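A.B. asks: Protein chains in written order, with my numbering: chain H, 558 to 1183; chain C, 338 to 631.
It should be emphasised that the hints constitute simulated quantities derived from the structure, not laboratory data. Fair warning: this is a prediction, and the values are worked out from it, not measured in the lab. Ideal placement from N, C-alpha and C gives every residue a C-beta, glycine not left out. Check before you lean on any hint, since a few could be wrong.
Keeping only pairs whose Cα atoms sit at most 20 Å apart, straight-line, the calculated DMTMM-like set for lysine to aspartate or glutamate is [to be verified]:
hint, chain 1, residue 1, chain 2, residue 2
1, C, Lys490, H, Glu669
2, C, Lys490, H, Asp974
3, C, Lys505, H, Glu1155
4, C, Lys505, H, Asp974
5, H, Lys975, C, Asp458
6, H, Lys564, C, Asp458
7, H, Lys564, C, Asp592
8, H, Lys892, H, Glu922
9, C, Lys505, H, Glu669
What follows is a list of derived Cβ distance ranges for each label pair [what the hints assert, rightly or not]:
hint, chain 1, residue 1, chain 2, residue 2, range
10, H, Asp869, C, Lys505, 37 to 45 Å
11, H, Asn572, C, Glu588, 46 to 54 Å
12, C, Phe562, H, Arg574, 43 to 51 Å
13, H, Val851, C, Phe432, 20 to 28 Å
14, H, Ala729, C, Glu588, 53 to 61 Å
15, C, Pro382, H, Phe1179, 58 to 66 Å
16, C, Glu542, H, Arg825, 34 to 42 Å
17, C, Pro382, H, Asp869, 43 to 51 Å
18, H, Asn572, C, Ala541, 36 to 44 Å
19, H, Phe1179, C, Pro483, 35 to 43 Å
20, H, Arg840, C, Lys505, 41 to 49 Å
21, H, Pro1123, C, Ala383, 20 to 28 Å
Okay, here's what each chain looks like letter by letter:
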Amino acid sequence: MGILHAKDIASYLENQRNKETLRFITCGSVDDGKSTLIGRLLFESKCIFDDQLQALESDSRRYGTQGEKMDLALLVDGLQAEREQGITIDVAYRFFATDRRRYIVADTPGHEQYTRNMATGASTADLAVILIDARKGVLTQTRRHSRIVALMGIRHVLLAVNKMDLVDFDQATFDRIVADYREFAAGFEFSAIQAIPLSGLDGDNVLLHSARMPWYDGPTLMEYLDTVDIGSGAAARQGAFRMPVQWVNRPNLDFRGFCGRIAEGELRPGDTVRVLPSGVQTRIKAILAGFDEVPHAQSGDSVTVTLADEVDASRGDVLVASDNPPEVADQFEAKLLWMAEHSMSPGRQYLLKLACSEVTATITEIKHREDVNTGARLAAKVLGLNEIATVNLSTSAPLVFEPYGVNRRMGGFILIDKLTFETVGAGMIEFALRRASNIHWQALELNKAARAAQKHQSARCVWFTGLSGSGKSTIANLLEKRLHAAGKHTYLLDGDNVRHGLNRDLGFTEADRVENIRRVAEVAKLMVDAGLIVLVSFISPFRNERRMARDMFAEGEFVEVFVDTPLDECERRDVKGLYAKARSGNLKNFTGIDSPYEAPENPEVHLRTAGQAPETGMDQLFDALD
Amino acid sequence: MNALEAESIEIIREAVATARNPVMMYSIGKDSSVMLHLARKAFYPAPPPFPLLHIDTGWKFRAMYAHRDRMVAESGMKLITHVNPEGLAAGVGPFSHGSNYHTDVMKTQALKQALDAHGFDMVFGGARRDEEKSRAKERVFSFRAPGHRWDPKAQRPELWSLYNTRIKPDETIRAFPISNWTELDIWQYIHAEGIPIVPLYLAAERPVVQRGGQWIMVDDERFPFAEGEQAVIRRVRFRTLGCWPLTAAIESDADTLEAVIAETFNARSSERQGRLIDSDVPGSMEKKKQEGYF
């Protein structure tokens, strides 16, 4: 880019306004020269300032790996810890511009333990630059990077065969690598693969054609980026109109605007739209873009619309073209990337966020896991950090969606842990398993309250949690007798007994424990619905599952009782001899020994049993229930 | 330009829709001006449903205070101004206490005091990823542990435009709606939208003193002249604005927005060069952020 004069500013600004932004991700590890290549792009497009260059020179002397040469990689390795370790451990976003386009580069690490970071960077990218070291060719990591890129819906790949200076700029080497890659990538839905031989270190074929590779007559890296037709904008505009309602703007009684970013399609005043999931139909009265009313808006615009009728719509609803609405469903098949250290077990509940909707979701089944290096399908009971699987999931409320392949904004979702609020998973909906509209709850005349009233009681679920041998069952038994004597209708669900029947197929792994609790909670729920006072006596060591159980019941219906007996006391009692067995290594996954017990934070009743007769605890509980 | 604006408006609405008690940091500079303008567009015809917060060190340029009062009146928004009372009582200033101590007490500590006092859980800031290396990795929604600590390892992955804004009591989020803007984008947008800015961004003859190779403007009578030192008049402007003793001017003839854009385009040094607080030790911005600085 040349020098700009103030007098040329008008035409410059006009040109700027029409400039497209291209977002791309660079995949490769430090050894492939990824950071060096991005540093080279920034440097060559004059996006490095003098003071940054000065800092770079001093950093190069301190941390550099290029001897006397400036280490361009240091321009992009942001956090100090990374600079010192010489690795990239996060996603960094870089900006540069040419006369044709603005660029946002997601720079992500390439090692397998950073799969989630790469997926994050790829989620917003239109194109991927996949680096290959010319000396090494297509490696396992190249396959992994390509698989993640394809999974995240990127259709354009630029294969950058780097370090050509180290193979004497040999054409045969380049051709062989490209042929290998094309053969491997044939199974992916890439619409274009452009291969370019280059040297990031010296700049060959980055901006200018390399005199050292006269045999290559394709575009340079920069030429390709400047001219590649991504076409995503046009496709999104051609789709049917969809706009998730993000915010309802109601400054006074006369104005009610629905704000959101258009996910797909176009919009004009007068268009007929539907509000989903309710299905109510109305027309667009006006479209506001900022301070101005506009005659037209399209995919990607943030707007506020007013509607012709007073219809009920709130955040999470979706305005859609009335003649071409998307599906609404509550059971899906989806691809899922697990992003948390703690593994995912089917049955556990998470918050799911898709566009502006937030619902509770459960993975009902892991259909198969995918080996990220080879693509092989593997059986799996749980999903660990950075693992990718095809799963079935069900949501607590119907979702308005599009398959991810059709629209990223309407088909991509994240999972959030209900307790820590960490983002634990990223998913892409493939299709709905059945339409939500096909599910009808049998409308029942008699309800829980009526059944409980007949028994002169309030239906309850009293949930006892505590270590093995803490006295849960003893106290629960005493309480049941006392309630029975008082004329109440009760039922006791005991861990050991249920495991002999309903849960006979379950073991003691974390995944099985989750399922164990889920089934018992569901049974308890049905019994509460029948108007009973249900006593559940289960170790139930994990907060998440107790929370899941709690969420199944109405406010005030669930009474968590923490039977708090110190581990050494339980172990001293060892009624069933289980602690001795666990200590000797003959019993795996025993709570308190080699499997954790997460004590309740806010139980309704906290019974400290040390030095106390079980009857005292029961009395305390009976009073609390009244 | 349109896509940048649409993305920022989406971020601002998302933050407000999911927060309990949001606030927008208003530093009066060009980035703040753009952010405020975007917020007004996001909620028009309503005024933005949150107050502005200005952490006043007592050492801002006089022209900044004038501009602040004008913009508050124009936007119809509530302004909360906070000065660290202990710092004020102790007379903390950049000349007497040094830039590091001044910034820590009057900005970082003052900010924490204000956020705690009002219980804000969502705080808009005008930081951009192109400003500095450690900011290139900053999230759009940056998660802060109790005590406002920024732990680079505890940040949440941000996929697509799906932001996880869930927090527990005492945790807070800093939201950066203009993360993906560059300095040049900011100027072009100010030009295209006619956004009012502090006149100090445009070149004019101003009294300055050269210190450590940088031009420092004499904005009020508190400038401690050395023996024999006196102000000279130079044609200067500012690329960023902060506390006047800590913000260096550049010599420039760019006295119109068009000229500023041309100069920014042709610039050979980054805007933070004029910030005296960034360059003391390697990774200094990263350290300040971990302590709670914006």
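A.B. asks: Which hints, by number, does the structure contradict?
C.D. replies: Numbers 6, 9, 10, 11, 13, 16, 17, 18, 21 - these are the hints that the structure violates, sorted from lowest upward.
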